Amino acid sequence: DAGVTQSPTHLIKTRGQQVTLRCSPKSGHDTVSWYQQALGQGPQFIFQYYEEEERQRGNFPDRFSGHQFPNYSSELNVNALLLGDSALYLCASSLGGPAAGNTIYFGEGSWLTVV
Amino acid sequence: GNSVTQMEGPVTLSEEAFLTINCTYTATGYPSLFWYVQYPGEGLQLLLKATKADDKGSNKGFEATYRKETTSFHLEKGSVQVSDSAVYFCALSAPYNAGNMLTFGGGTRLMVKP
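If you're matching them up, the sequences are chains A and B in order.
Everything in the first sequence is counted per my numbering, starting at 7 for the first residue and increasing by one.
Everything in the second sequence is counted per my numbering, starting at 16 for the first residue and increasing by one.
No lab work stands behind these hints, which were simulated from the structure alone.
Every value quoted in this text rests on a predicted model; they were computed, and no experiment measured them.
From the three backbone atoms N, C-alpha and C, an ideal C-beta is built for every residue, glycine too.
Keep in mind that the hints are not guaranteed to be accurate.
Which residues of chain A face chain B? A few of them, derived with a C-beta cut under 10 Å, are [unchecked claim]:
{"no.": "1", "residue": "Gly64"}
{"no.": "2", "residue": "Ser100"}
{"no.": "3", "residue": "Gly103"}
Examples of chain B residues toward chain A, derived with CB under 10 Å [said to hold, decoys possible]:
{"no.": "4", "residue": "Val19"}
{"no.": "5", "residue": "Thr39"}
{"no.": "6", "residue": "Gly58"}
{"no.": "7", "residue": "Asn115"}
Could you build all of it, start to finish, from the sequences and the hints given here?
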């Protein structure tokens with residue numbers, strides 16, 4: 007049973023560039039969330055996708071956008087990269103959409119460094 | 016809004032010592048509470064959870080009790096091992112907040128010495 011898988015594992019981008027991160031949810035899961043974890047801090051919620059729609063969004067600017075595909079996989083896009091966007095980006099999946107209490111499983115993350 | 020406060024680390028213990036990592040929360044209603052663990056270079060793993068007051072979550076010798084009266088969810092283990100060295104995150108998910116969004120504390124690094 008495959009868990010949550012993310013790609014790429016590591017990447018380096020230049021300020022102003024755009025980046026796309028990808029996530030495949032755990033088998034059977036239909037809900038995908040994205041979190042940003044800066045070095046030495048706890049993860050912060052970016053947004054959640056269910057039924058191919060953004061259902062909930064955290065306090066992140068519009069430079070952060072996403073998409074969910076019919077097979078439930080998801081992409082996170084960040085435009086006009088800033089140095090402060092350097093972080094570990096975690097994808098999480100769960101079952102059943104916006105219903106609190108469902109167990110959330112995390113991938114190992116994509117390390118983004120902006121130089 | 017919702018928030019989680021954890022004791023700051025690092026916490027350094029000798030093997031077989033007793034562990035407590037304090038966690039308190041602020042939330043409207045009755046949140047679900049979680050402890051996640053992050054080993055070096057890895058993503059987050061769910062360690063344990065509790066979904067209502069007085070519930071005790073337990074896993075791998077770790078346990079935490081949902082205390083509504085003190086809004087706390089302290090993590091404990093009777094005898095830590097070197098392999099428990101990791102960063103521990105307390106988190107909550109508020110039921111009124113459609114989206115199953117997790118709010119995390121800042122994390123507590125645990126270092127266990129042989």
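Structure-based check of each hint:
no., hint, result
1, Gly64, "7 Å, holds"
2, Ser100, "6 Å, holds"
3, Gly103, "8 Å, holds"
4, Val19, "8 Å, holds"
5, Thr39, "14 Å, violated"
6, Gly58, "4 Å, holds"
7, Asn115, "5 Å, holds"
In the structure shown, a violation is registered for the earlier hint numbered 5 alone.
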